[in-house]
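A.B. asks: For reference, the chains in residue letters:
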Amino acid sequence: MKKLGILTIILVCFTPFLLLAQTPATKVKIPPLSQETSACLECHKQFTPGIVEDWLRSRHSKIMPSTALKMREIERRISAKKVATPYGNVVVGCFECHSLNSGKHKDNFDHMGFKINVVVSPNDCGICHPAEAKEFSGSKKAHAIGNLAKNPVYHTFVETVISKKAVKGGKIVQLDVSDFTRQETCFSCHGTEVKVIGMQEVETKMGKIEIPNLTQWPNQGVGRINPDGSLGACSACHARHEFSIEVARKPYTCAQCHLEPDVPAWNVYHESKHGDIYLSNSQKWNFTAVPWKVGRDFQTPTCATCHNSLITTVDGRRVAERSHDFGARLWVRLFGLIYSHPQPKHGDTSVLRNKDGLPLPTAFTGEVATVGLIDREEQTKRKKLMSEVCNSCHSTSWVNRHFEKLDNTIKEVDSMILASTLLLVEAWNQGLAEGLPQGKNPFDEAIEQMWIRQWLFYSNSIKYASAMTGAPDYATFKNGWWNLTENLQQMKDWVELRKKAKELSSK
Amino acid sequence: MKKLGILTIILVCFTPFLLLAQTPATKVKIPPLSQETSACLECHKQFTPGIVEDWLRSRHSKIMPSTALKMREIERRISAKKVATPYGNVVVGCFECHSLNSGKHKDNFDHMGFKINVVVSPNDCGICHPAEAKEFSGSKKAHAIGNLAKNPVYHTFVETVISKKAVKGGKIVQLDVSDFTRQETCFSCHGTEVKVIGMQEVETKMGKIEIPNLTQWPNQGVGRINPDGSLGACSACHARHEFSIEVARKPYTCAQCHLEPDVPAWNVYHESKHGDIYLSNSQKWNFTAVPWKVGRDFQTPTCATCHNSLITTVDGRRVAERSHDFGARLWVRLFGLIYSHPQPKHGDTSVLRNKDGLPLPTAFTGEVATVGLIDREEQTKRKKLMSEVCNSCHSTSWVNRHFEKLDNTIKEVDSMILASTLLLVEAWNQGLAEGLPQGKNPFDEAIEQMWIRQWLFYSNSIKYASAMTGAPDYATFKNGWWNLTENLQQMKDWVELRKKAKELSSK
Amino acid sequence: MKKLGILTIILVCFTPFLLLAQTPATKVKIPPLSQETSACLECHKQFTPGIVEDWLRSRHSKIMPSTALKMREIERRISAKKVATPYGNVVVGCFECHSLNSGKHKDNFDHMGFKINVVVSPNDCGICHPAEAKEFSGSKKAHAIGNLAKNPVYHTFVETVISKKAVKGGKIVQLDVSDFTRQETCFSCHGTEVKVIGMQEVETKMGKIEIPNLTQWPNQGVGRINPDGSLGACSACHARHEFSIEVARKPYTCAQCHLEPDVPAWNVYHESKHGDIYLSNSQKWNFTAVPWKVGRDFQTPTCATCHNSLITTVDGRRVAERSHDFGARLWVRLFGLIYSHPQPKHGDTSVLRNKDGLPLPTAFTGEVATVGLIDREEQTKRKKLMSEVCNSCHSTSWVNRHFEKLDNTIKEVDSMILASTLLLVEAWNQGLAEGLPQGKNPFDEAIEQMWIRQWLFYSNSIKYASAMTGAPDYATFKNGWWNLTENLQQMKDWVELRKKAKELSSK
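Protein sequences, first through last, are from chains A, B and C. Using this note's numbering, read the first sequence as starting at 55 and increasing by one per residue. Using this note's numbering, read the second sequence as starting at 55 and increasing by one per residue. Using this note's numbering, read the third sequence as starting at 55 and increasing by one per residue.
Keep in mind the hints are simulated off the structure, nothing from the lab. Heads up, some of the hints might be wrong.
Where chains are identical, the list cannot tell them apart; a pair therefore holds if satisfied intra-copy or between any two copies.
Said to hold, decoys possible - Computed list of lysine to aspartate or glutamate pairs in EDC-like fashion (alpha-carbon distance at most 16 Å, straight line):
1. K338 <-> E300
2. K438 <-> E557
3. K222 <-> E480
4. K222 <-> D547
5. K218 <-> E540
6. K438 <-> D461
7. K399 <-> D429
8. K204 <-> E247
9. K399 <-> E540
10. K262 <-> D402
11. K465 <-> D230
12. K218 <-> D468
13. K399 <-> E432
14. K556 <-> E488
15. K438 <-> E458
16. K561 <-> E540
Given these sequences and hints, build the entire structure.
C.D. replies: Listed below in structure tokens is the structure:
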């Protein structure tokens, strides 16, 4: 391999440093770049121009942390009280982010004479955004891998769904699961574990170069385990390299992972009056204002409004505080599990214990876990935080009635799930299918798959539609009561038909 | 309860009346507000700022009815010939709408010294918009509750779908339906009956206040029964409190209720060439122009263009008249019922009678009702109204052929539904399921649910795709011919398997 | 019939020629119109104003080919080296396009004294855009009808899906398929054969006129067979009469045919990070720039970026060449067929031969055809073309890993399809269903329909999600691994239940 030195780079990147002069954004005074970032840009402008252009659009390329610190606190996008020199007095460029905390970064490597980290982690972003990094680190999002992969029940479910199968001797046999498939299914959202397993040589336009060999990379999953040991990926929502607050505030970002059939937040929003007005009018709104002024900057909420943005009134009254713990305003957990239940206390849900001693928020028949969930007082507090946001546009009685309706829906839907669970148990007990009583996989037979649809797809849809002020078709025909009802009937028919067949066989 | 007087309000709402001065819209001369509305705004700016900001965006906050009356008739958004003083000489603010016809409003109550109606009804909007209120009052939309809930057949269907169920003694048993669930499923679109059942005390930021206790509220369903006895909710499409013509003209508004799987107007539009051009170019169009000029203000139709807007050419030729009876340009009814049929004469469809004497537009095997549907002459007249809109961009032969194609599609799809119905009848007659012949619920068994899918989901999709100039995937694989065919096969298999089981049992 | 002469037209179209003076676009100097186009506009402004307004928006109405030829080659939208007088020195109006190559056009007719073609074909567009016409003519898109309708296997599939059915003697019987239904389902995208079968009289606002009677018209399918014998419809993507490059570059256009469940390109894009950023930010991008500058004019690709646009960097380096052969950068074919395989060499796929001698790209059990598919060298070359586009924003190792992942996904998914195929073969061999071994339709029984879902819907979804950098829910729950797994289970259950019934019957 021909190792390239700095001299070679200069020869290759012969283009004069006209980069910034060409961009419209730089007709105004150009803020100072670090020497290192200038060097990065010289080559990467040639080789990955899209990244450079994206960064040029970003606030990072235009404002030095030291300038940011001069703004009124409520208008600041950084939460650090001070930012160490020299980083404070240059704009936030390639090198500023990709060189941080290099001691911790197993993915740090020598790149054209610079020591570079491949993966920028929440721990690195935390240099300027420490409050956000801390809030995020305690959230369920930060623990999205462990909560899924290390829980034996969910782990079985995941492997059942995404494993290759073959039909052998009249039976469907589960084969292995590849890391590639894990990476592009469940763990594309939940995040992968990115580890350094040595160096690799890559053939590029500049010749061969040596770079770290990373496992399950690329991945921007929200719970990614990074080579520096930190959890999460800020880029999941603030996409590289514009790191836009606008993109993060728009619902398409959340919609990448929170969509039908299992988490139909986007679909329900699209169908709601909030979504209608967003889709019709949002081109006239201000998605970059900090603080975000209700009514003025936006007419109806996006996901970020209700769940995590700093919201004020036009005249500055604080309606809701910013939080990057996305469950901070939530009191009840609606999706992903068999029954609804109070939010977990910690982002790491492995500490939960249901009455059977399993790390689950409810028992198989719905009883709420006694360890690890928030109490009624905390629930009330959080409901009040959320209600403050609703109250900006809706009267108190409106909001109260809305949440009463949600409480009722949760109860009704959970009762439908219990009916389905009892049918499944009957099928198991009568030996028509093999599951928990037989110590077998409870997720791999037809009746079990029907049962999964009930809680993972249909009950979630109805609860979301109720929570988000209405998506009538979702709650009725799309993935709602119609489907709960039809599928329950099919479960019963499945049981009846097998009973009948068994009975006839034994004649 | 501490009852709050006007004095208290003034003390609480200490903020100087800077409200309007802060809004960009008011750099121009501020039109006069009524004293009452000024008082509303002083407090509500604090307590529900989103509503106030929304209203500030509205035309209502900027133009007095008396000014509106000076415009050329074709450009007017109000249809009243005159508007009574004092309402004519102030802008249309909170009090102007929320105090109208108070004698009729059972939801009128004393609020901080003012007599206020909670719910503004079409009858109230009709003070300035009488033509629209009258057109709407005769439409199927205005009768959306009764048409669904008071028809015994549909009522049974609704209750079957949205009732809680339990499995008892090997059977699925229907339990009750809650008002809350009605409110967020079928009747979220169709509307709820909002009645006053007394007063209630609510804890607000201003202390405890007394307000009317309303049933099934909040609801903005298009057929809502209001506390003043009127039918409908203008806010279903002209969302509060901007009351935007732009939002109402954009397809996202219609899409809240007219979407897959049962009424896939939005989905078909999205996939059509009209939808493609709308989605690609509409940010450059004019959605507030009155009249709405074909080709100039918009390139392709939205729902409103074809169904109810006043359309002219650039040089003022009237292409189509405005109507708030949304069926006024429709001759055939495509969705929601088993078979297609001529449009009902009246918005209230309870007067229909099929050959079996039931209040339905067709018989079970497709014969069209003899009472209550428009005749061929009226059909021809309406088709011509719609064709005028098409003809603005398409040649006569194109349009003719388009509607010939639709006629054929209706016939073919209805024949597929008849085949499905006959299979269902066979299942009933052979005792494989219990339905009409047994005097039992025809909507609650698996074979019945399959049959419902045929007409409620799949045939609708194909007919919509045909009517709206094409959504080939919808008509084929998404919810179309593929599904009609596959599901018919499954119905037949269901019947065969039960026959076989019965035969074996009786051996 | 009252035949209308030119004199009558002049009398009818009495409006002074104020057309252009009224449009905002014409405050600048009006480029010369041909006399013939002026005559068209005088009447059509009255009778089809939408078409005229659309054309006024187009580049065609503003720039003469002779002006276009003066631009730098890289900025040109026309590929002709010169354009013959007189067409070069007028803007491209109605007559310029609708009168071309009249000798070849069987749809040419006398219209108000002018000889007009109804259908403008790729051969006509090729006068100014010869490179595009030629590239397109060799593409699979241009052969979309024949590839579907003339292949006996696909033909059977199509007719099975879209034929009317009846239930006779306990069996589902396929009846006929109407041309109208063909036209609005499969062939709405694939295109119809538009033939002239005489003249017809049409009643218009101007009285009766005689026009050609065309079969299966209107249609803008991408493989349309035109009355001049040419293949294709440029208007499929460049919609009439704006012929916008912006519309063609936006994903909604491709989404009309490439959408779920069979070709979920749009749905996967919407869910991907590329789609997220497009939906959030594209209102700020430049969709008309030629060449299209990566990073500057757009931040993330649309369909056109990766598949066919001319892409350069900001400083002019060519990243990818324009091609209207939309498969030019593709090496593997992911959708529409049972198994993945190398791209066909020619747009006309009738020349393919699998090991059984059938014109199919693979055998029934997956072996790739030996005749008609591109070789490994060509595959490598095309993958490199596509990688160049990716490399504009992503590092080499990122891109390499992405395509390794895709390779793995294709292999895994194809193995799941093989498992499903073997189950189907078992059902056939055991006489539980009738298909290939019995010389019967392999697409019309329940187990066959389940098998079709596996490859036509679910495996496609997973492969698309993998190819387009991720749509995790699509690959998992929406139409992905969950569905492949659940449906395989249902296939097995179907087989088991029929085996059991057979066994019991024979007791």
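A.B. asks: If a hint holds in the structure, say so; if it doesn't, say that too.
C.D. replies: The hints, checked one at a time:
no.: 1; hint: K338 <-> E300; in the structure: both (13 Å within a copy, 12 Å between copies)
no.: 2; hint: K438 <-> E557; in the structure: neither (57 Å within a copy, 62 Å between copies)
no.: 3; hint: K222 <-> E480; in the structure: between (28 Å within a copy, 12 Å between copies)
no.: 4; hint: K222 <-> D547; in the structure: between (27 Å within a copy, 14 Å between copies)
no.: 5; hint: K218 <-> E540; in the structure: between (29 Å within a copy, 12 Å between copies)
no.: 6; hint: K438 <-> D461; in the structure: within (15 Å within a copy, 50 Å between copies)
no.: 7; hint: K399 <-> D429; in the structure: within (9 Å within a copy, 58 Å between copies)
no.: 8; hint: K204 <-> E247; in the structure: within (13 Å within a copy, 50 Å between copies)
no.: 9; hint: K399 <-> E540; in the structure: neither (36 Å within a copy, 34 Å between copies)
no.: 10; hint: K262 <-> D402; in the structure: neither (42 Å within a copy, 41 Å between copies)
no.: 11; hint: K465 <-> D230; in the structure: between (39 Å within a copy, 13 Å between copies)
no.: 12; hint: K218 <-> D468; in the structure: between (32 Å within a copy, 10 Å between copies)
no.: 13; hint: K399 <-> E432; in the structure: within (9 Å within a copy, 56 Å between copies)
no.: 14; hint: K556 <-> E488; in the structure: within (15 Å within a copy, 24 Å between copies)
no.: 15; hint: K438 <-> E458; in the structure: within (13 Å within a copy, 49 Å between copies)
no.: 16; hint: K561 <-> E540; in the structure: neither (31 Å within a copy, 31 Å between copies)
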